[in-house]
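Chains as they are written, first to last, in this note's numbering: chain A, 1 to 270; chain B, 1 to 270; chain C, 1 to 307; chain D, 1 to 307.
No lab work stands behind these hints: they were computed from the structure. Among these hints, one or two may not hold up.
[What the hints assert, rightly or not] Dumping the calculated BS3-like pairs for lysine-lysine here, alpha-carbon to alpha-carbon at most 27 angstroms:
| hint | chain 1 | residue 1 | chain 2 | residue 2 |
| --- | --- | --- | --- | --- |
| 1 | C | K283 | B | K29 |
| 2 | A | K127 | A | K82 |
| 3 | C | K6 | C | K283 |
| 4 | D | K146 | D | K6 |
| 5 | A | K29 | A | K148 |
| 6 | D | K292 | A | K82 |
| 7 | D | K146 | C | K146 |
| 8 | D | K283 | A | K29 |
| 9 | D | K33 | D | K6 |
| 10 | D | K292 | A | K29 |
| 11 | B | K37 | B | K177 |
| 12 | D | K292 | D | K33 |
| 13 | D | K33 | D | K84 |
| 14 | B | K127 | B | K148 |
| 15 | C | K292 | B | K82 |
| 16 | A | K104 | A | K82 |
| 17 | B | K177 | B | K123 |
| 18 | A | K37 | A | K148 |
| 19 | D | K146 | D | K156 |
| 20 | D | K115 | D | K156 |
| 21 | B | K29 | C | K146 |
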Amino acid sequence: MSSKTHYYVEAEVVSNIIETSRVNTLVLKLGQHMEVKPGQFLMVWRPGDGEIPITPSLTNGETICLTIERVGLTSSRLASLKAGERVFLRGPYGNGFNLEYPGKYLLVGGGTGAASLTPAYLKLVEKGVQTLFLVGGRNRDNLVYVNKLRELNANIRIATDDGSVGFHGTLPEFFKKIIAESFFENVLTIGPEKMMVKIAEECHRNGIRCQVSLVRIVKCGIGFCGSCVLDPVGLRVCVDGPVFNAEEILGTDFGAYMRDEAGRRVEVTL
Amino acid sequence: MSSKTHYYVEAEVVSNIIETSRVNTLVLKLGQHMEVKPGQFLMVWRPGDGEIPITPSLTNGETICLTIERVGLTSSRLASLKAGERVFLRGPYGNGFNLEYPGKYLLVGGGTGAASLTPAYLKLVEKGVQTLFLVGGRNRDNLVYVNKLRELNANIRIATDDGSVGFHGTLPEFFKKIIAESFFENVLTIGPEKMMVKIAEECHRNGIRCQVSLVRIVKCGIGFCGSCVLDPVGLRVCVDGPVFNAEEILGTDFGAYMRDEAGRRVEVTL
Amino acid sequence: MHPDMKVELAGLVLRSPIMVASGVLGSSTGLIKRVSENPSVGAVVTKTVTYNPRNGYENPTAIDLGFGFLNAMGLPNPGYLDYKNELAELRDKIEIPLIVSIGPSNSEEASEMVKALNEVSDGFELNLSCPHTEKLGLEVGSDPEKVRRITASARKYTSKPLFIKVSPNVTSVVEIARAAVEAGADAITAINTLKSMAIDVNAMKPVLSNVYGGLSGRAIRPVGVRIVYELYETLRVPIVGCGGIYDWRDAVEFILAGASAIQVGSAIACSRSGLNIFGEIEKGIVEYLVAKGLSNIRGLVGLAHTS
Amino acid sequence: MHPDMKVELAGLVLRSPIMVASGVLGSSTGLIKRVSENPSVGAVVTKTVTYNPRNGYENPTAIDLGFGFLNAMGLPNPGYLDYKNELAELRDKIEIPLIVSIGPSNSEEASEMVKALNEVSDGFELNLSCPHTEKLGLEVGSDPEKVRRITASARKYTSKPLFIKVSPNVTSVVEIARAAVEAGADAITAINTLKSMAIDVNAMKPVLSNVYGGLSGRAIRPVGVRIVYELYETLRVPIVGCGGIYDWRDAVEFILAGASAIQVGSAIACSRSGLNIFGEIEKGIVEYLVAKGLSNIRGLVGLAHTS
Ligand SMILES: Cc1cc2nc3c(=O)[nH]c(=O)nc-3n(C[C@H](O)[C@H](O)[C@H](O)COP(=O)(O)OP(=O)(O)OC[C@H]3O[C@@H](n4cnc5c(N)ncnc54)[C@H](O)[C@@H]3O)c2cc1C
Ligand SMILES: Cc1cc2nc3c(=O)[nH]c(=O)nc-3n(C[C@H](O)[C@H](O)[C@H](O)COP(=O)(O)OP(=O)(O)OC[C@H]3O[C@@H](n4cnc5c(N)ncnc54)[C@H](O)[C@@H]3O)c2cc1C
Ligand SMILES: Cc1cc2nc3c(=O)[nH]c(=O)nc-3n(C[C@H](O)[C@H](O)[C@H](O)COP(=O)(O)O)c2cc1C
Ligand SMILES: Cc1cc2nc3c(=O)[nH]c(=O)nc-3n(C[C@H](O)[C@H](O)[C@H](O)COP(=O)(O)O)c2cc1C
Ligand code: FES
Ligand code: FES
Chain A
1 MSSKTHYYVE AEVVSNIIET SRVNTLVLKL GQHMEVKPGQ FLMVWRPGDG
51 EIPITPSLTN GETICLTIER VGLTSSRLAS LKAGERVFLR GPYGNGFNLE
101 YPGKYLLVGG GTGAASLTPA YLKLVEKGVQ TLFLVGGRNR DNLVYVNKLR
151 ELNANIRIAT DDGSVGFHGT LPEFFKKIIA ESFFENVLTI GPEKMMVKIA
201 EECHRNGIRC QVSLVRIVKC GIGFCGSCVL DPVGLRVCVD GPVFNAEEIL
251 GTDFGAYMRD EAGRRVEVTL
Chain B
1 MSSKTHYYVE AEVVSNIIET SRVNTLVLKL GQHMEVKPGQ FLMVWRPGDG
51 EIPITPSLTN GETICLTIER VGLTSSRLAS LKAGERVFLR GPYGNGFNLE
101 YPGKYLLVGG GTGAASLTPA YLKLVEKGVQ TLFLVGGRNR DNLVYVNKLR
151 ELNANIRIAT DDGSVGFHGT LPEFFKKIIA ESFFENVLTI GPEKMMVKIA
201 EECHRNGIRC QVSLVRIVKC GIGFCGSCVL DPVGLRVCVD GPVFNAEEIL
251 GTDFGAYMRD EAGRRVEVTL
Chain C
1 MHPDMKVELA GLVLRSPIMV ASGVLGSSTG LIKRVSENPS VGAVVTKTVT
51 YNPRNGYENP TAIDLGFGFL NAMGLPNPGY LDYKNELAEL RDKIEIPLIV
101 SIGPSNSEEA SEMVKALNEV SDGFELNLSC PHTEKLGLEV GSDPEKVRRI
151 TASARKYTSK PLFIKVSPNV TSVVEIARAA VEAGADAITA INTLKSMAID
201 VNAMKPVLSN VYGGLSGRAI RPVGVRIVYE LYETLRVPIV GCGGIYDWRD
251 AVEFILAGAS AIQVGSAIAC SRSGLNIFGE IEKGIVEYLV AKGLSNIRGL
301 VGLAHTS
Chain D
1 MHPDMKVELA GLVLRSPIMV ASGVLGSSTG LIKRVSENPS VGAVVTKTVT
51 YNPRNGYENP TAIDLGFGFL NAMGLPNPGY LDYKNELAEL RDKIEIPLIV
101 SIGPSNSEEA SEMVKALNEV SDGFELNLSC PHTEKLGLEV GSDPEKVRRI
151 TASARKYTSK PLFIKVSPNV TSVVEIARAA VEAGADAITA INTLKSMAID
201 VNAMKPVLSN VYGGLSGRAI RPVGVRIVYE LYETLRVPIV GCGGIYDWRD
251 AVEFILAGAS AIQVGSAIAC SRSGLNIFGE IEKGIVEYLV AKGLSNIRGL
301 VGLAHTS
């Protein structure tokens, strides 16, 4: 029986890579082996700075990459860490993606989503599955992880809202176009919720199996505080998710409402 | 991780066999499989009647026999149980006999000791080791487990203080005679401490490896209350014993002093 | 013959003695509805609501210790007025008693909250035992006089069952519970978490942002059983047992100690089978009753006391 | 470089911060001697002795719960007069400080016992915290006035270090500890066991013959760490941490919380390596200090408090 005095796994920042003006990738060396399945998340703690859930953007047991957007205090602090500084990780938590479904996979990543989808991409490659990766952002300077994906030989297509590179338009618009050109049995998507819900609806209309990774306020991470719930179905993002089959959650608060820190039902804005 | 709400294993009395006027053997059916090595002991509880340590006299995982002498309240209550009544067992505790030493084995049982040695005898038989069993008592009516041992084809020799059957004299006297006749590499003994210490000293003089099973006041059974200690060496009967190599404990309080319930050092009388 | 699992608790009829403890489902009415559909669940207690909305503490707010859990959520909740609207919607949709947990910091808040929430609830649980929120919970619940006053204030505005949830972090739980009963409480829920903390040796810092938190789960069961047993020896009101109940044996242990019903909290976090834990506990109790030849669960309550 | 593990504790110099907790070796001076020969042990606390001899309770007196242990030994001991003779013999034979634990039920007993035992001890630990013995322990230790009086009575007859061992079973440990310090205590030992019980579901009976007992081991560590942390925030005397210490990490957690030394109790029952547990803990702490670049253990005390 483990006594778990080692509540967290210590990790040291090896390097901090600037992705965009708002997004950085931390390359971490782990003090202890950690196995994370694609789509699972970690709770990342810096004493004094808070703790947030992050889905790693690369992982091999000894090294882990976290791609973090500065949206508030904790994420900004983490995104600014220098080599040699330390973070503390607990997890992995959640279910991760189901990559056993047959057929081709279309990966759709908005914002840091492209980074968080990368471990799934690598796993699919390893399995010899055919993939296409759609990456979107507001403009050329807002694209995350594209260089890394190129380095990993991913088959990438880009969309920008302003057309500064790739398709001129939103990811859901681009997505429509892509699936009109060639059929994919599976879609995996991580990104702003308003974007994901549109992708999910499109999949629904086209009979495509779609898995989405949902963001809610994660506090405990282990399923007992109820903070991360998707209503009205009462699914907990931290243990029942964060990955859901879109069919399961279309028609719920997905894309429309979430709960804030106090548990108040508020509108989803992004 | 087990939550151990099942603190005790429940057992039902199948039959109660009268051994002598002071000793009975309970045949118990266990509610749960229990593996006990020869020489290990169990804590036997009847709510309201107390709990005492007993070294089983037969065990096969599903059935267990306890041979109990009425010396006080708890032992008397247990020895009087009828078929269908229940007891509660925790354990097994302690080290048990080491039966890996090469050579022939002489088993020396006084009082209920003959019964408690029986699992060791059976194990030795199973291993094809040659054994001789000395059983002693005050008189013919005080012999314990002799019929059972005959049934198990044990090679038995008997001594009684009054000579009513077998050798006329004490077990230590008989023991001297036996080892003068034929050499044994190993001795296992359970019985009154004054008897055991004499056997142990005789073994020491004759270069025989002797294992004794010691009785002290056992309370916790798991090594942290200090109740069962053999001084001055500070060995705990419940975890370091109950079986000791005699060489290890000759010259200690073995055979001379023990501690009473309050931890006072008192003389060994039996 | 299937033993009868129905219990009557301070006027409420529960189809099963297994309740959901306060807080472990958060404020999500969706999750409450989902759990209430489980036929093994007898009643649900809501997350504690306070007078004003609370965001709760910063993360880390909870960790798994292996032998239990440590949390200092900080009672996040939308406040009683906001939550009232959600509960109003929920109430028609569920078929089992809905007990609203409130955490007032004084008598006025207690009165106002009970008045407002009375029509949307089947009973109240007064949380006077949270070990890690200033001015709320334990700060109130360790003083018999304050307990008496707050209980009386709540009592005045509802005729529905009123449960008082007590803390193990006091010298005499019996004294606190007695004050509550004398002031009109119908039943006692025991126990809330044990005041605790953890320090990460690598980080060299307290893990919880609030430093102090509450220990729940397996580790506190022996404390909970002891308190239920003590209360049963001295009080004449029903007791709801809570603290480290993971399986049917744990539940039976509490019932034998004197609990008329039991609540499951942390264990829903470590149940492999997710929310099926309630069904597994019920099945185990039923088999136990059959094995013991008992025709109903009520016959088991307090049985460990008879000599 | 080997970090310095020496600690000074209320005037005593300990070669290591690892002590043996009271009671876990019983009254056996043989066992105390055996343990004292372990170079990783810094000091030994004896079993609590009382004014009169006590047989302790009937079995069952202790069980293993998996995540901790439950015991109600009932303070079996030969009484202070008898034990004094044994300690007199022992004292010349051991090389580390011998702290005698006493459990007086009133001030007179405290004075007489300290007077008599002063010459055979290197210090005293006043056990005012046993949760399961009437008129002794917690019955005294939950009342600040009684604590004050008994501490003062003991203080009057010894200039040797006086430790007060406190209980977690009170509303405010800080209040109790403060009363002890004001009355002359040199240090606080925290914590004793948590009042608890267990019922066997098959037997349908409380397991302990005394019904109530004390929970020790892993389960109580988060409570112990919390109390040490609280005491360190408010008191200016050294604190000895105790409760569920099984390995070096547990020990370091207590030291970071504010303990100058730590005591190991129950864990000696589940150490595979027997009494080697002390060596393993020391080795782990030394490696930790090296990894953290600290040259001595004293630099670690209370480090989790700095912000
Ligand atoms: C499973 C999961 C995986 C995630 N993976 C990534 C990732 O790989 N990269 C990345 O940049 N972001 C990721 N996020 C989102 C990230 O956790 C939030 O951006 C972060 O928690 C914001 O914290 P803050 O203190 O910086 O901002 P705050 O000022 O606290 O809040 C800013 C915004 O973030 C939201 N938020 C705050 N706390 C949480 C929380 N505990 N959980 C979820 N949302 C919160 C708030 O609703 C608010 O809108 C993930 C979230 C989840 C649930
Ligand atoms: C490892 C071990 C194995 C044993 N195996 C057997 C066995 O197979 N058959 C058998 O008949 N007896 C056995 N005994 C002895 C038996 O446990 C005691 O006779 C019994 O505990 C007496 O309890 P009581 O309440 O009947 O008598 P009490 O009135 O309590 O005491 C009678 C005598 O028994 C001794 N005694 C009391 N309590 C204990 C205790 N907890 N542990 C040890 N001695 C105690 C007392 O010193 C006293 O001399 C064993 C003892 C030990 C330590
Ligand atoms: C995450 C979490 C949140 C809790 N929130 C509340 C709460 O809001 N109100 C309350 O009375 N108890 C709350 N509790 C305490 C539980 O209801 C329960 O009393 C305690 O956890 C012991 O039971 P357990 O061991 O089954 O979890 C909470 C417990 C946990 C673990
Ligand atoms: C079997 C046993 C006997 C104990 N006897 C005493 C005692 O005599 N005096 C005392 O102050 N504490 C006694 N204690 C309490 C321990 O010293 C310690 O405070 C407690 O067990 C918590 O530490 P642990 O978790 O390391 O065991 C005893 C504990 C156990 C398990
Ligand atoms: S974060 Fe607590 S239940 Fe999901
Ligand atoms: S009986 Fe407790 S140490 Fe042996």
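Going down the list of hints, with the structure as the test:
Among the hinted pairs, C/K283 with B/K29 is consistent with the structure: their alpha-carbon atoms are about 26 angstroms apart, no more than 27 angstroms. Annotation: proposed proximity of A/K127 to A/K82 is violated, straight-line Cα distance about 35 angstroms (limit 27 angstroms). At most 27 angstroms may separate the alpha-carbon atoms for a hinted pair to count; C/K6 and C/K283 meet this at roughly 14 angstroms. Proximity of D/K146 to D/K6 is assessed by CA-CA distance (about 34 angstroms); at most 27 angstroms being required, the pair is judged violated.
With a C-alpha separation of about 18 angstroms, the suggested pair A/K29 and A/K148 falls inside the 27 angstroms cut-off, and the hint holds. Only pairs whose Cα atoms come within 27 angstroms are accepted, and D/K292 paired with A/K82 is accepted, the gap being roughly 20 angstroms. Taken as a hint, the D/K146 and C/K146 pair is honoured in the structure, with Cα atoms around 25 angstroms apart against an allowance of 27 angstroms. Restraint check for D/K283 and A/K29: the C-alpha separation of about 26 angstroms stays at or below 27 angstroms, so the hint holds.
For the hint linking D/K33 to D/K6, the alpha-carbon distance of about 21 angstroms falls within 27 angstroms, and the restraint holds. Straight-line distance between C-alpha atoms of D/K292 and A/K29 comes to about 18 angstroms, which keeps the hinted pair within the 27 angstroms bound. This hinted pair does not check out: B/K37 and B/K177 have alpha carbons roughly 31 angstroms apart, beyond 27 angstroms. A distance of roughly 34 angstroms separates the Cα atoms of D/K292 and D/K33; the hinted pair therefore is violated under the 27 angstroms criterion.
Simply put, D/K33 and D/K84 have alpha-carbon atoms about 15 angstroms apart, close enough for the 27 angstroms limit, and the pair holds. The straight-line distance between the Cα atoms of B/K127 and B/K148 is roughly 20 angstroms, inside the 27 angstroms bound, and the hint therefore holds. Taking the CA atoms of C/K292 and B/K82, the gap is near 20 angstroms; set against the 27 angstroms cutoff, the hint holds. Of the pairs offered as hints, the one joining A/K104 and A/K82 is violated, with about 39 angstroms between alpha carbons and a cut-off of 27 angstroms exceeded.
In summary, the hint linking B/K177 to B/K123 is supported, as the alpha carbons are separated by about 26 angstroms, within the 27 angstroms threshold. With a C-alpha separation of about 19 angstroms, the suggested pair A/K37 and A/K148 falls inside the 27 angstroms cut-off, and the hint holds. Distance restraint check for D/K146 and D/K156: the Cα-Cα separation of roughly 15 angstroms lies within the 27 angstroms cut-off, and the hinted pair is therefore satisfied. Annotation: proposed proximity of D/K115 to D/K156 holds, straight-line Cα distance about 9 angstroms (limit 27 angstroms).
Between B/K29 and C/K146 the CA atoms are separated by roughly 55 angstroms; this puts the pair beyond 27 angstroms, and the hint is violated.
Checked against the numbered hints listed earlier, the structure breaks hints 2, 4, 11, 12, 16 and 21; every other hint is satisfied.
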